[in-house]
Structure formats: structure tokens, C-alpha cells
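For what it's worth, the working numbering labels the leading residue of the sequence shown as 1, then goes sequentially.
Hints are not guaranteed to be accurate.
[As the list claims (entries may be wrong)] The following label-pair restraints were derived from C-beta to C-beta distances:
id : residue 1 : residue 2 : range
1  : G379      : K353      : 21 to 31 Å
2  : Q350      : R89       : 49 to 59 Å
3  : I27       : S80       : 23 to 33 Å
4  : R89       : P299      : 37 to 47 Å
Hints were generated in silico from the structure; no laboratory data involved.
For glycine and all other residues, C-beta sits at the position ideal for the given N, C-alpha and C.
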Amino acid sequence: MDPYRVQVEVHYPLTQAARLEAEPFLIERGLDPERDVELMVLVRYDGRIAASASLWGNIIKEVAVDPLLEGEGLAAIAISRIITEAHDRNRSLLRVFTAPKNRLIFESLGFVLLASSENDRSNAKASAPGAILMESDRRSFYRWVDSTIAELSRQGYPGVPTRPDTVVTSSPGDLIPQQQHVVGSVVVNCNPFTLGHRSLIERASARCGTLVVFVLEADKSSFPAAVRLDLVRQGTADLPNVAVIPSGPYLISEATFPTYFLKEKSRATEVHARLDVQLFGTRIAPSLGITARFMGTEPYCPVTNLYNSLMKELLPPLGIEAVELPRAEADGKAISASSVREALRTGDWQTLKSLVPETTLRYLQSPEAAEVIKKIIAGTTRH
Numbered sequence: 001m002d003p004y005r006v007q008v009e010v011h012y013p014l015t016q017a018a019r020l021e022a023e024p025f026l027i028e029r030g031l032d033p034e035r036d037v038e039l040m041v042l043v044r045y046d047g048r049i050a051a052s053a054s055l056w057g058n059i060i061k062e063v064a065v066d067p068l069l070e071g072e073g074l075a076a077i078a079i080s081r082i083i084t085e086a087h088d089r090n091r092s093l094l095r096v097f098t099a100p101k102n103r104l105i106f107e108s109l110g111f112v113l114l115a116s117s118e119n120d121r122s123n124a125k126a127s128a129p130g131a132i133l134m135e136s137d138r139r140s141f142y143r144w145v146d147s148t149i150a151e152l153s154r155q156g157y158p159g160v161p162t163r164p165d166t167v168v169t170s171s172p173g174d175l176i177p178q179q180q181h182v183v184g185s186v187v188v189n190c191n192p193f194t195l196g197h198r199s200l201i202e203r204a205s206a207r208c209g210t211l212v213v214f215v216l217e218a219d220k221s222s223f224p225a226a227v228r229l230d231l232v233r234q235g236t237a238d239l240p241n242v243a244v245i246p247s248g249p250y251l252i253s254e255a256t257f258p259t260y261f262l263k264e265k266s267r268a269t270e271v272h273a274r275l276d277v278q279l280f281g282t283r284i285a286p287s288l289g290i291t292a293r294f295m296g297t298e299p300y301c302p303v304t305n306l307y308n309s310l311m312k313e314l315l316p317p318l319g320i321e322a323v324e325l326p327r328a329e330a331d332g333k334a335i336s337a338s339s340v341r342e343a344l345r346t347g348d349w350q351t352l353k354s355l356v357p358e359t360t361l362r363y364l365q366s367p368e369a370a371e372v373i374k375k376i377i378a379g380t381t382r383h
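I would like the entire structure built from these sequences, with the hints used as guidance.
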């Protein structure tokens, strides 16, 4: 390859003309052009687009190369320029969700594999379906682990324990006494915190020496992340072995998971869920000494039901019990955050009192909640 025939273009802000020119190149390579892109790098060879990469926040997207020029380093040139542009914007930690075939390119640029949607993290081959998640700083995850353990210790967490000989049953109804050093976990959104969440956390905590509750941080819900975290902490303050922390950057939000590189869009939810569960099972749980993950049964939401099924499939082979507990009910129906939001929308405070704990009810009746409730009534929130 003649380097003098290579030209690198940075399109920022991304114009409609540049986007329209790049779209056929991306589509021909099996990629769906993303709307959430703020910056694009195009590498030209003899004037034609030969490689591309894009940036949104700290996520690298739309990595593509002309198959006739594969192996010439053009994709690496595009990604390297994206990294430079990101650093110029004070974004030092970058991530990429991409097809397994791109793993070697990113590894050559210092990225480290965090998780693969396939069972074997080591075999992210070009022919493998699904997705991989990589990031640019191999120390970042371990810094997060250290800060998480420090926060858990502040809340009375005993540290990373030795894996116990006894395990938690995966049968949903049984209550099995456990050794006190068993560490369980729950991952919740709590939009907002309900009596159903309280019941799940209380029953899970009865099976553990310590229960770590991760509250998802992505601000894509009706109730802000800080409010949701505070309501969970208030609503579980009487449970001495429960530690409530923000999810951090390593529990993957559906809001940040791109699907442009997936050929089978119908599998996007499953691929995202597999990637999330694999990351939890192979990295997060072992690092924090977690030996069980609890979940409530899901009669309403097919996405959550898929998550539950995948946790029961993928976590036990990794030495983590997946424990599904029956959902708490009110008036014969499973309690859900969506039913709380519907009651808020219709002004049904009598129903609300049967769905949320006193701590959540006090917040909902406070001036602080007025703007959130207004948006729910107007239907301007995503969830």
C-alpha cells in the first residue's frame, strides 16, 4: 500500500453530506448507519472511502474497511484517529461494542476484551456471531473494583470472601439457611422503588451473609438515577446486611448497546443480554466474591424474562447460582414499577399506597417529585 495515496478526514460536526456519502459504504459491509454519532473518521485510498470509524460519547462505532484492502492497516488508521480525537475531548477511556472479527484490530491498539456474548471469551473468532465488548484501559476495570469494594466496606461489607462450600438453591420457593459469608447480588432499575423490589431484596438478603444491590445508573428512566438510588437505600435501610451501590460502567445498559453491526437485528436483545450476563459472571462477580444472583419472576416483560432465562443458563457453569424468586403481589397481580407509573399518571393514590413503601410514597408526595410526575402524566418519559 502506498501511504501517499491515503487521506484521513475528520468530520466534526458530522454533516449530512458526509453522512450520506458514508452510508452506502457502511451498508455494503453489513452495517446499519447509526443516528447516534457525533464524529466520523473516513480513510480514503485513491479518493475512495476505504475505512471508517465513528464516535458517540466514549463509544467507538461503525468500524468498517473495504474487503479489498483488509490487512493494510486502514481500519487501524481510522480507529487511531478516533482515539486521538477522543483524547482531545478529554475522553481517555473508550469502549467498543463490535463483531468478534474486529477483536485483533482493537487488541493491536491496546484495547482489552471485557466480555463476549459467546460462552468462551477466548474464542471470539471472525466467524462467531454476537458481540464483544472491549475498552482502551486494561486497568480501568480493576480501579472500579477497588472503588466498589471501598464503598461496600464503608457500608459494612466484609470484603471479598472465600467461595463457600454451600450454595444457594435455584428452586424459587425454598429457603435454605446459608453460611454467613455467602455474598448475593440483585441488579435493579427501580423506576421507582416498589414493595415488589423491597420483597425481593428482603428475601434475597435472608439467604446471604451480604447482599449487594446494584442500582442501574443510566438516566433513561422517568425517575433520575440519583433519586432511584436514594429510594432504594431508604427503603432497605433496616436490612443490616444489604449494601446498595450504583451499578457503575460495567453493567451494560440497553441504552448504550449499539446494534449496527448485528446482521440479525431480531437477536439484538438476546445478544445484549448475553454480553451483560457474561460480563457479570466472568468479571464482576468473581472480583467482588459474589456467589449468587437473585431475580424476581417476570410475568409481563419479555425482555426481563429473557434475561432471567439467560442468567439461569449462563451463570451456574461459572459457579454463580441464579435464584428466581416469586414476584410479590397486590390484589392478585404482580407488583411492577410500570403499574406505579400508571397510577401516578391517573392520580390513583389509593392504589399507589398498596404498591410502594412509605419511603417512596413520601417522596412521591413531596415537591421534589412534582416535575417527574408531570412528565409521566404528559407521557414525555421513555419509561
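Status of each hint after checking the structure:
Distance hint for G379 and K353: a CB-CB separation of about 24 Å, consistent with the stated range 21 to 31 Å. The hint said 49 to 59 Å for the Cβ distance between Q350 and R89, and at roughly 51 Å that hint holds. Separated by about 24 Å at the C-beta atoms, I27 and S80 satisfy the suggested range of 23 to 33 Å. Checking the proposed 37 to 47 Å range against R89 and P299 shows it holds: the Cβ atoms sit about 45 Å from each other.
Hint compliance for this structure: every hint is met.
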